[in-house]
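Asker: The lines below spell out each chain.
2 protein chains.
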Amino acid sequence: MNEQLYSSGLLENAVNEFSKLPGIGKKTALRLALHLLKQEVAAVRQFGEAVIQLRNEAMYCKQCMNLSDSEICEICSNPRRDHSMICVVESIRDVMSVENTMQYHGVYHVLGGMISPMDGVGPSDLTIEELENRVRAGNISEIILALSATMEGDTTNFYIYRKLKDLPVKISTLARGVSIGDELEYADQVTLGRSIVNRQPFENIFNRNG
Amino acid sequence: MNEQLYSSGLLENAVNEFSKLPGIGKKTALRLALHLLKQEVAAVRQFGEAVIQLRNEAMYCKQCMNLSDSEICEICSNPRRDHSMICVVESIRDVMSVENTMQYHGVYHVLGGMISPMDGVGPSDLTIEELENRVRAGNISEIILALSATMEGDTTNFYIYRKLKDLPVKISTLARGVSIGDELEYADQVTLGRSIVNRQPFENIFNRNG
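As given, the protein sequences belong to chains A and B, one line each in that order. Going by my numbering, the residue at position 59 of the first sequence is 59; the numbering climbs one at a time, nothing skipped. Going by my numbering, the residue at position 1 of the second sequence is 1; the numbering climbs one at a time, nothing skipped.
Worth flagging that the hints you see were computed from the coordinates, not collected in a lab. Incorrect hints may have been included.
Here are the simulated EDC-like pairs of lysine to aspartate or glutamate, each with C-alpha atoms no more than 20 Å apart in a straight line [unchecked claim]:
{"id": "1", "chain 1": "A", "residue 1": "LYS38", "chain 2": "B", "residue 2": "ASP69"}
{"id": "2", "chain 1": "A", "residue 1": "LYS62", "chain 2": "A", "residue 2": "GLU90"}
{"id": "3", "chain 1": "B", "residue 1": "LYS38", "chain 2": "A", "residue 2": "ASP119"}
{"id": "4", "chain 1": "A", "residue 1": "LYS26", "chain 2": "B", "residue 2": "ASP94"}
{"id": "5", "chain 1": "B", "residue 1": "LYS38", "chain 2": "A", "residue 2": "GLU49"}
{"id": "6", "chain 1": "B", "residue 1": "LYS38", "chain 2": "A", "residue 2": "GLU57"}
{"id": "7", "chain 1": "B", "residue 1": "LYS26", "chain 2": "A", "residue 2": "GLU49"}
{"id": "8", "chain 1": "A", "residue 1": "LYS27", "chain 2": "B", "residue 2": "ASP94"}
{"id": "9", "chain 1": "A", "residue 1": "LYS26", "chain 2": "B", "residue 2": "GLU49"}
{"id": "10", "chain 1": "B", "residue 1": "LYS20", "chain 2": "A", "residue 2": "GLU40"}
{"id": "11", "chain 1": "B", "residue 1": "LYS38", "chain 2": "A", "residue 2": "GLU71"}
{"id": "12", "chain 1": "B", "residue 1": "LYS38", "chain 2": "A", "residue 2": "ASP94"}
{"id": "13", "chain 1": "B", "residue 1": "LYS27", "chain 2": "A", "residue 2": "GLU99"}
{"id": "14", "chain 1": "B", "residue 1": "LYS26", "chain 2": "A", "residue 2": "ASP94"}
{"id": "15", "chain 1": "A", "residue 1": "LYS27", "chain 2": "B", "residue 2": "GLU90"}
{"id": "16", "chain 1": "A", "residue 1": "LYS38", "chain 2": "B", "residue 2": "GLU49"}
{"id": "17", "chain 1": "A", "residue 1": "LYS20", "chain 2": "B", "residue 2": "GLU49"}
{"id": "18", "chain 1": "B", "residue 1": "LYS26", "chain 2": "B", "residue 2": "GLU12"}
{"id": "19", "chain 1": "A", "residue 1": "LYS38", "chain 2": "B", "residue 2": "ASP119"}
Let the hints inform the model, and build the full structure from the sequences given.
Answerer: In structure tokens form, the structure reads like this:
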């Protein structure tokens with residue numbers, strides 16, 4: 001599509017704004033803008049204000065750096081969570097992924113990225129010092145490193161491990177292995193190799209599902 | 001994905017608003033909201049306000065019903081356009097499609113839909129009466145019916161034709177035929193049949209391209 005001719009500057013403006021969003025091109029942006037034109041004035045105002053309010057008012061939890069509506073997030077201020085266990089994740093999104101499993105009841109620490117010299121991200125750009133301070137403050141029994149199984153994830157894992165290994169805290173990482181539902185012939189060699197080396201007693205799996 | 005757990009009510013609210021848009025599910029909505037969180041406050045405000053402003057301030061041209069920033073749109077108020085020729089289209093979007101061809105220099109009439117008894121849309125729901133009034137007011141030499149080549153388009157074309165056929169105006173419709181770039185073996189029978197019946201002298205095409 002060449003340069004689009006708009007009959008309305010307001011429409012052009014809204015389309016340009018929509019098309020700044022990731023994964024939204026000019027055609028989709030136009031579709032969204034024309035959709036909103038057909039909605040109630042109040043509904044469109046609600047949409048626009050929700051977005052502005054999110055950016056203006058959302059803050060990051062002072063303890064775990066997760067997105068929050070208050071200084072301490074709902075997870076950190078929940079007395080029913082296990083505060084001696086910290087799950088270290090890259091982003092807010094990963095907190096959601098772990099929460100959705102319903103298998104974790106500790107608290108979190110959001111790093112805000114992963115060490116990646118190629119992208120100019122070093123340890124000081126992340127919240128690793130804050131993590132160390134939390135562990136040094138005591139009452140932490142286990143750190144679970146829940147980072148992606150990529151080069152950056154492994155580098156970050158290793159850096160954090162070296163920082164914390166002399167402190168009285170157990171450090172674990174996510175189990176790597178064949179995904180549930182995966183056919184063995186399509187699993188990559190490294191994953192399959194690791195899952196053989198780290199094989200588990202059959203009863204473990206049996207007990208967990210029972 | 002099951003019911004998502006959000007650490008922030010503001011985030012949940014923004015995600016819900018985004019996911020009301022057509023073609024945007026919860027996952028995309030979350031991606032968009034997290035993207036906006038990383039943008040400048042001013043940029044997010046600009047986005048939200050552009051959308052609200054579009055809905056609040058955009059109006060429809062009193063003459064052609066096209067979207068406009070003022071009572072009479074830029075096309076209708078442009079003295080260099082041919083005001084004796086009206087191209088009848090279904091929607092604002094079709095005005096853009098025709099404008100993008102750069103082949104039309106007349107004015108438009110936006111119907112606001114097509115006759116579709118199945119969807120409960122009758123002639124009185126469209127701006128057909130306004131079109132008739134424009135033609136009756138005089139100074140119109142040609143009406144080009146540029147509606148989709150569907151059942152609804154044909155019905156609407158025929159209805160408008162019957163309304164206007166006794167008035168002193170030439171009525172034409174878009175040429176139907178094999179799309180440029182289409183391979184003949186994949187063209188449907190009806191289109192191919194019509195394009196044989198309405199075949200054109202070779203010089204016409206030669207002259208147009210020259």
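Asker: Would you mind marking each hint as holding or not holding in the structure?
Answerer: Each hint tested on the structure:
1. The straight-line distance between the Cα atoms of A/LYS38 and B/ASP69 is roughly 16 Å, inside the 20 Å bound, and the hint therefore holds.
2. Proposed proximity of A/LYS62 and A/GLU90 is supported: the alpha carbons are some 16 Å apart, at most 20 Å.
3. Distance check on the hinted pair: B/LYS38 and A/ASP119 sit about 17 Å apart at the alpha-carbon level, within 20 Å; holds.
4. This hinted pair checks out: A/LYS26 and B/ASP94 have alpha carbons roughly 15 Å apart, not beyond 20 Å.
5. Taking the CA atoms of B/LYS38 and A/GLU49, the gap is near 17 Å; set against the 20 Å cutoff, the hint holds.
6. With a CA separation close to 13 Å, the supplied pair B/LYS38 and A/GLU57 stays within the 20 Å bound.
7. With a CA separation close to 19 Å, the supplied pair B/LYS26 and A/GLU49 stays within the 20 Å bound.
8. Taken as a hint, the A/LYS27 and B/ASP94 pair is honoured in the structure, with Cα atoms around 13 Å apart against an allowance of 20 Å.
9. Taken as a hint, the A/LYS26 and B/GLU49 pair is honoured in the structure, with Cα atoms around 19 Å apart against an allowance of 20 Å.
10. Distance check on the hinted pair: B/LYS20 and A/GLU40 sit about 13 Å apart at the alpha-carbon level, within 20 Å; holds.
11. Between B/LYS38 and A/GLU71 the CA atoms are separated by roughly 19 Å; this keeps the pair inside 20 Å, and the hint holds.
12. Straight-line distance between C-alpha atoms of B/LYS38 and A/ASP94 comes to about 16 Å, which keeps the hinted pair within the 20 Å bound.
13. Taking the CA atoms of B/LYS27 and A/GLU99, the gap is near 15 Å; set against the 20 Å cutoff, the hint holds.
14. Distance check on the hinted pair: B/LYS26 and A/ASP94 sit about 15 Å apart at the alpha-carbon level, within 20 Å; holds.
15. Between the alpha carbons of A/LYS27 and B/GLU90 the distance comes to roughly 18 Å, so the proposed pair stays at or under 20 Å and holds.
16. For the suggested pair A/LYS38 and B/GLU49, the alpha carbons sit about 17 Å apart, so the restraint of at most 20 Å is met.
17. Note on A/LYS20 and B/GLU49: the hinted pairing holds, with a Cα-Cα distance of about 14 Å set against a maximum of 20 Å.
18. Annotation: proposed proximity of B/LYS26 to B/GLU12 holds, straight-line Cα distance about 10 Å (limit 20 Å).
19. At roughly 17 Å between alpha-carbon atoms, A/LYS38 and B/ASP119 fall within 20 Å of each other, so this suggested pair holds.
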